[in-house]
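Protein chains: 2
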Amino acid sequence: MSDLTEPVDRADLVPPHDLGTGDFSLYPIDHAMVAAALEDRTVRVEWDDGHVSRFHFPWLRDNCPCCVHPYTQEQVFELAAAVHEIRPEDVLVSDVGALEVCWSGDGHASRYHPGWLREHCYSEGSRRERLLAPVLWDASTRARPDGFDWGAVVADEEVELAWLSSIRDTGCAVIHGAPLTDDAVGEIAGRIGVLRETNFGRLFDVRVDTDPVSNSNTGLELPPHTDLPTREYQPGLQLLHCLVNDVAGGLSLLVDGYRVAAELRDRSPRFYELLTTHPWDFANRSRTSDYRWRAPMIGVDSDGNWTGVRVGNWLRGPLDAPFDLVEELYEAYRAFEGLSHQARFQIRFRLEPGDCLIFDNRRLLHGRTSLGPGAGRRHLRGCYMDRDELRSRLNMLERRRRTRKVVAGQGP
Amino acid sequence: MSDLTEPVDRADLVPPHDLGTGDFSLYPIDHAMVAAALEDRTVRVEWDDGHVSRFHFPWLRDNCPCCVHPYTQEQVFELAAAVHEIRPEDVLVSDVGALEVCWSGDGHASRYHPGWLREHCYSEGSRRERLLAPVLWDASTRARPDGFDWGAVVADEEVELAWLSSIRDTGCAVIHGAPLTDDAVGEIAGRIGVLRETNFGRLFDVRVDTDPVSNSNTGLELPPHTDLPTREYQPGLQLLHCLVNDVAGGLSLLVDGYRVAAELRDRSPRFYELLTTHPWDFANRSRTSDYRWRAPMIGVDSDGNWTGVRVGNWLRGPLDAPFDLVEELYEAYRAFEGLSHQARFQIRFRLEPGDCLIFDNRRLLHGRTSLGPGAGRRHLRGCYMDRDELRSRLNMLERRRRTRKVVAGQGP
Numbered sequence: 022m023s024d025l026t027e028p029v030d031r032a033d034l035v036p037p038h039d040l041g042t043g044d045f046s047l048y049p050i051d052h053a054m055v056a057a058a059l060e061d062r063t064v065r066v067e068w069d070d071g072h073v074s075r076f077h078f079p080w081l082r083d084n085c086p087c088c089v090h091p092y093t094q095e096q097v098f099e100l101a102a103a104v105h106e107i108r109p110e111d112v113l114v115s116d117v118g119a120l121e122v123c124w125s126g127d128g129h130a131s132r133y134h135p136g137w138l139r140e141h142c143y144s145e146g147s148r149r150e151r152l153l154a155p156v157l158w159d160a161s162t163r164a165r166p167d168g169f170d171w172g173a174v175v176a177d178e179e180v181e182l183a184w185l186s187s188i189r190d191t192g193c194a195v196i197h198g199a200p201l202t203d204d205a206v207g208e209i210a211g212r213i214g215v216l217r218e219t220n221f222g223r224l225f226d227v228r229v230d231t232d233p234v235s236n237s238n239t240g241l242e243l244p245p246h247t248d249l250p251t252r253e254y255q256p257g258l259q260l261l262h263c264l265v266n267d268v269a270g271g272l273s274l275l276v277d278g279y280r281v282a283a284e285l286r287d288r289s290p291r292f293y294e295l296l297t298t299h300p301w302d303f304a305n306r307s308r309t310s311d312y313r314w315r316a317p318m319i320g321v322d323s324d325g326n327w328t329g330v331r332v333g334n335w336l337r338g339p340l341d342a343p344f345d346l347v348e349e350l351y352e353a354y355r356a357f358e359g360l361s362h363q364a365r366f367q368i369r370f371r372l373e374p375g376d377c378l379i380f381d382n383r384r385l386l387h388g389r390t391s392l393g394p395g396a397g398r399r400h401l402r403g404c405y406m407d408r409d410e411l412r413s414r415l416n417m418l419e420r421r422r423r424t425r426k427v428v429a430g431q432g433p
Numbered sequence: 022m023s024d025l026t027e028p029v030d031r032a033d034l035v036p037p038h039d040l041g042t043g044d045f046s047l048y049p050i051d052h053a054m055v056a057a058a059l060e061d062r063t064v065r066v067e068w069d070d071g072h073v074s075r076f077h078f079p080w081l082r083d084n085c086p087c088c089v090h091p092y093t094q095e096q097v098f099e100l101a102a103a104v105h106e107i108r109p110e111d112v113l114v115s116d117v118g119a120l121e122v123c124w125s126g127d128g129h130a131s132r133y134h135p136g137w138l139r140e141h142c143y144s145e146g147s148r149r150e151r152l153l154a155p156v157l158w159d160a161s162t163r164a165r166p167d168g169f170d171w172g173a174v175v176a177d178e179e180v181e182l183a184w185l186s187s188i189r190d191t192g193c194a195v196i197h198g199a200p201l202t203d204d205a206v207g208e209i210a211g212r213i214g215v216l217r218e219t220n221f222g223r224l225f226d227v228r229v230d231t232d233p234v235s236n237s238n239t240g241l242e243l244p245p246h247t248d249l250p251t252r253e254y255q256p257g258l259q260l261l262h263c264l265v266n267d268v269a270g271g272l273s274l275l276v277d278g279y280r281v282a283a284e285l286r287d288r289s290p291r292f293y294e295l296l297t298t299h300p301w302d303f304a305n306r307s308r309t310s311d312y313r314w315r316a317p318m319i320g321v322d323s324d325g326n327w328t329g330v331r332v333g334n335w336l337r338g339p340l341d342a343p344f345d346l347v348e349e350l351y352e353a354y355r356a357f358e359g360l361s362h363q364a365r366f367q368i369r370f371r372l373e374p375g376d377c378l379i380f381d382n383r384r385l386l387h388g389r390t391s392l393g394p395g396a397g398r399r400h401l402r403g404c405y406m407d408r409d410e411l412r413s414r415l416n417m418l419e420r421r422r423r424t425r426k427v428v429a430g431q432g433p
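Residue numbers (this note's numbering), protein chains in the order written: chain A, 22 to 433; chain B, 22 to 433.
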């Protein structure tokens, strides 16, 4: 992983940027506070663009930026252990534009950086602005994943940001010009974060040989599926790096599982409800391991966002469901699987040597067309990693972008 | 990982054990089928103990044990692609006691092994029998984790089964007599399955030195918490292997998070509801990475079972919640955190060199009492792995136990 160490000592910055924020980030100040007032249960803050924030007392006390360990920035104040009532004595906007809160119980004073405070405002409007929705696609809106040159990614943080943002938003991207070495896929993954080793190893090979005299794997079509739906923690990202491809067919195939889920929700609300709430059984048959998991085929989190899909006909185990739901669950499954097999949801493209496809294995289904007639070799090398490795790397790149903005604004 | 390869060729077994089951397991036959009848939408099977099973047509067709790849045992029949109506022409119990179904559309015949079929019956009673509930505990019902001798675990599969079952059911166990080497914790984990590498490495050290002249970590109490609640995939199992412990204090501390969750549910249903449905923000402050995640503190799956708890005061980020819920969420958090700090939920015990504590990091909170007065050293070496690695290993050991039972019943 390349080094993204925080480069700035806050003590050298012009106030209020010298204030701690309880983390390692700097925050540009796009708006100034013009007034602060103590209300019955909240502190009301008015900003120069007319926006109003209201922060509850326990939230402010919990996030006091000086009640952290000086080295780790981890909280040392334990709200659960607080003996005093959590209530300010007084609040004001300081000369340098920080919110100052003086607490009644222990007399502690907290100073909040205006950039940090605005960034964490939890008014309905601010929360809505921060939402990151996936960009759904199908064959009518996308022909292939966005492409990025490996040399440019390594040389330019803004290109790297665009590459990783594309994976986050569309679920996929292709690197061109990666080295044709056995370790390249691990190096690309390692730039993002930590690899996920599984029972298939740290790196794995997808090697198909159509030369009929060799004892090779088959060249049949692989229908769209997600890898390892059999695991409680289905791997989040899959990388497939093409080293050799001289077969006639063997196109890579991707389906946006969230797009298909949205289609099912619109066409068959009952089927959608069944697949988001009732677990299916997945099982990995093997002589040496026995991974099984039960989970809904379409995962939805407590915020109502999709968390992933689990699809793989040949990785299902015997369904263990309430008797009265079994037939309907099978109908729902057939409807969902049927949609994912429709060409209008599928994009097909050819990976050339040096290409590295990265995709969200919990959102996208992947597959392969048949290798076609004639001899030829196709060799991909792959690995897994988890999705929040990508989020962490993106957060770091965005942190550095903010740092550059704050430092540039410091003047001579 | 030690080898647990399936040792038996089914073709050598007495019928019906020569029948395929669509997996690599053998199934003891504890009950025989006495009758099979075709109903309107199901096949009704009567067993010699009076139990009645009813299997829907698509379920039976989907689980036909011969429609699998001969080597991988993975399904090759695609229910979603079936063109015929899924309906039997005829059903019967064969001479060797198998269920035979002849399908009307394509004339295919399926033969189901009676042991497999009974094991997968989804009647309400059979489903209830298969449920595995965690064994909740507190300081009044448990003094310390169950203990197991490492030599016995390695020598005897039944001891290994007892060890892993204890971790599954109580959330913890201690190995005694592990080698005092740097790699031992990795070897113990590797016997179960694949290790989980994180940004803290593959193995990590918890080393505290109270000698005041050294530049060591502090010896303060560590309140109960789970590790890495900041990750989308919070690690499932944590191993802590004690290499040195000659401090006066430094007792290990465990809390059954599910027991505390049950207490909260009984005492404050509203707080329990809030903590199971509304996400909290967790953030790992670091100069080189930036992992954050939002999830409810108490996780519940679509079956209504607990999936884990996320607790760590100093690993929380600024709460991003609907304005009207913020105060109540803080009250709920304080109630949950307050319970976990009560001595009646905590067990404390001393790890000696050669002990290796393994616990479910998503169920149990762990901590440490202060190291106490005087000089001394304490060195633990740890690693993470995911919970379904343990399940897979348990499944393999249970598979082998079933195999032994079937083979023993074959007679001379």
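These are calculated hints, taken from the structure and not from any lab test.
A few of these clues could be false.
As the list claims (entries may be wrong) - Quick list of the computed label-pair ranges, beta carbon to beta carbon:
(1) E419/B to S161/A: 45 to 51 Å
(2) R165/B to H105/A: 34 to 40 Å
(3) D39/A to A396/B: 52 to 58 Å
(4) D204/A to C87/B: 39 to 45 Å
Because the structure is a prediction, the values reported are computed rather than measured.
Beta carbons: idealized from backbone N, C-alpha and C, even for Gly.
Hint by hint, here is what the structure shows:
Restraint check, E419/B to S161/A: a C-beta distance of roughly 49 Å satisfies the suggested window 45 to 51 Å. Distance hint check for R165/B and H105/A: the Cβ-Cβ separation is about 37 Å, which falls inside the suggested range of 34 to 40 Å. A beta carbon spacing of about 39 Å between D39/A and A396/B contradicts the range 52 to 58 Å that was offered as a hint. For the pair D204/A and C87/B, the supplied restraint of 39 to 45 Å holds, since their beta-carbon distance comes to about 42 Å.
The structure does not agree with numbered hint 3 stated previously, though it agrees with all others.
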